[in-house]
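Based on the hints, put chain B in the right spot on chain A.
The chain contents come next:
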Amino acid sequence: MSGGRVTVQDLVFRRGGREVLKGISFEVEPGRVAAVVGPNGAGKSTLLKVISGYLKPASGSVTVCGVDPASLHPSERSRLVTYSGDEPDPAFAFTVQETVEMGRVAAEAPVSRADLAGALEEALEALQLAGLRDRPITSLSSGERQRVYLARALYQDPLVILLDEPTTHLDMAYEVHVAGMIRDLARRGKTVLTVVHDLNLALRCADRLVFLRDGRLLYNVAPGDVTSEIVGDIYGVEVRVASHPVLGTPFVTPPSSRKA
Amino acid sequence: MATERAARNQRLVAAGLLFLLVGLALGLSLGSVSLPLRYVIRALAKGPSRAAVPSTDETEALAGAILWTLRFPRVLLAFIEGAGLAVAGSVMQGLFRNPMADPYVLGVSSGASLGAVLGIALGLGGVFGMWSLPALAFAGALGSAALVYALSTHRKRTDTWTLLLAGIAVSSLISSLIAFIMVIARERVDEIVFWTMGALSRASWMSVAASLAYTVPGLIALFRHARALNALSFGEEPAFHMGVQVEEAKRTLLWTSSLVVAGGVAFTGPIGFIGLIVPHAVRLVAGPDHRWLMPLSGLFGGNALLFADLVARVIAPPREMPVGVITALSGAPFFLYLLAHSRRRRE
Chain A
16 MSGGRVTVQD LVFRRGGREV LKGISFEVEP GRVAAVVGPN GAGKSTLLKV
66 ISGYLKPASG SVTVCGVDPA SLHPSERSRL VTYSGDEPDP AFAFTVQETV
116 EMGRVAAEAP VSRADLAGAL EEALEALQLA GLRDRPITSL SSGERQRVYL
166 ARALYQDPLV ILLDEPTTHL DMAYEVHVAG MIRDLARRGK TVLTVVHDLN
216 LALRCADRLV FLRDGRLLYN VAPGDVTSEI VGDIYGVEVR VASHPVLGTP
266 FVTPPSSRKA
Chain B
188 MATERAARNQ RLVAAGLLFL LVGLALGLSL GSVSLPLRYV IRALAKGPSR
238 AAVPSTDETE ALAGAILWTL RFPRVLLAFI EGAGLAVAGS VMQGLFRNPM
288 ADPYVLGVSS GASLGAVLGI ALGLGGVFGM WSLPALAFAG ALGSAALVYA
338 LSTHRKRTDT WTLLLAGIAV SSLISSLIAF IMVIARERVD EIVFWTMGAL
388 SRASWMSVAA SLAYTVPGLI ALFRHARALN ALSFGEEPAF HMGVQVEEAK
438 RTLLWTSSLV VAGGVAFTGP IGFIGLIVPH AVRLVAGPDH RWLMPLSGLF
488 GGNALLFADL VARVIAPPRE MPVGVITALS GAPFFLYLLA HSRRRRE
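Residue numbers (the working numbering), protein chains in the order written: chain A, 16 to 275; chain B, 188 to 534.
Treat the hints as calculated values from the structure; they're not laboratory data.
Warning: the hint list may mix true and false statements.
Claimed, not checked - Straight line, CA to CA, 27 Å or less: simulated DSS-like cross-link-like pairs of lysine-lysine:
no., chain 1, residue 1, chain 2, residue 2
1, A, LYS37, A, LYS71
2, A, LYS64, A, LYS37
3, A, LYS71, B, LYS343
4, B, LYS343, A, LYS64
The following block holds chain A by itself, in its conformation from the complex (with noise of 0.2 Å):
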């Protein structure tokens, strides 16, 4: 299984006027994980939208294994890159099951029977959601319907996954249960471009860190690379980077309250 390769070259997204997007670029290899990190508002999921084809750049280009996912037809999109993220509260009880299925609606059975329920079965255990299968989704908790919609992904099985902070609604536990998933994907292959807002996270799960403010991308380093100075000039806050005194990645401590 090959991944796909994302190359975005001098990107602008306007919405009511205003640049959210000015004049990106960068590229993430096959079967790469890349953190889009940065403040609030600085454009990320917006970023990642323009990439997944559901909005439209006002100008430069974004291609996925070398096309641009608004040109394909939406079944054929929909094998090349999805995007995951919050989404409206359901309006109907689908079950837990149901709802992942939806991720291969556009598919047109590519794959044998037998195929698609083990993918089923690999997307549920992955989210470990199997006991949940038959749970109406309008019952779950956000966190637990965060993981379903993940699955629902996982399961639509494309070559590009989008994830919009895949851990908000995450206990500790589930979050670094994710944390791993994404390295699973990679591994398979699969190119991941994340949004997340912890930083540790994303020092432990990408292998690179695109830093955004304010519809530029600042940096875009490996995260060894990561810095103080680079933290410190998109958030605008003094934090320490050290070593994960177990993992031995690089790790941000929050600024203190009290200046020395």
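Chain B only, in chain A's frame:
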């Protein structure tokens, strides 16, 4: 669970078909003249041409005539229109992500009323009414739908919220136009009021054939979009990411369901509550999957209107109630019950 649900829904189909059989039998034998079931069966077996031929038994010949020219088209039209209304209702509820949406969201019923009311005011209601009123009502329904659709479509994207609001605005505008016409054409107010209450008494083979002609292809087109509608009921953006052709699906669903409803309403006048309550109630039992919900709504919607019409015919003999009065009388309290029920479930 998936197989459990399928098994339960299959039982629902069986129950619906049983209801349909009972409804047809009652619908054919009951009325201002009640006919014994054996006459009904014999007349059906003989076919339309021979059933009305005077035979040794005069009552039986009369039965044949009543059956083939009045009751049979009437029960068929009731079933077809009820089915169309309920399926269209399930589509609108899915599309608007709201179990309180009804098939008249695009102003189809008020548009149809305006068309028919204009026709009646111009004196077309009598001899020519058989063709001209349905044609005008149909044109009015589609005109209203087109207006609402155009008002809420910008750069080929249709905003469902704007659609909902534009539908309300256009409907109330049309209602005031109807009131205006009623004041001017005061001598025809009775006729106008009767039309806008909705009745199946004008059913004929012609109306059955015409409504079948757009209901059948319409329902097939709607059923084909069941999976897309499932995805759309999660919201348009999630559906987009799942690979649904959002705008195409929305356009087809909105227009086809409005067309199906316009086709029925043109002959009978607006009939309320079937399209609101039946899909809502079916969803509570059968679940929200439109691959089941749409056909089951059709089956039970057809049955609902069939039975409502039966009640309309026998409740106050020798007079006949407009069936729209019966659906509202029984539908509104049932709707309130469902509201209270779903609120209790949430709490």
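* **Hint consistency between LYS37(A) and LYS71(A) [alpha-carbon to alpha-carbon, up to 27 Å]** => 14 Å, holds
* Are LYS64(A) and LYS37(A) close enough, with their CA atoms no more than 27 Å apart? -> 15 Å, holds
Q. Given the proposed pairing of LYS343(B) with LYS64(A), does the C-alpha separation stay at or below 27 Å?
A. 20 Å, holds
Check: Holds or violated: are the alpha carbons of LYS71(A) and LYS343(B) at most 27 Å from each other?
Finding: Roughly 14 Å between the alpha carbons, so the hint for LYS71(A) and LYS343(B) holds.
Violated hints for the displayed structure: none, as all numbered hints are satisfied.
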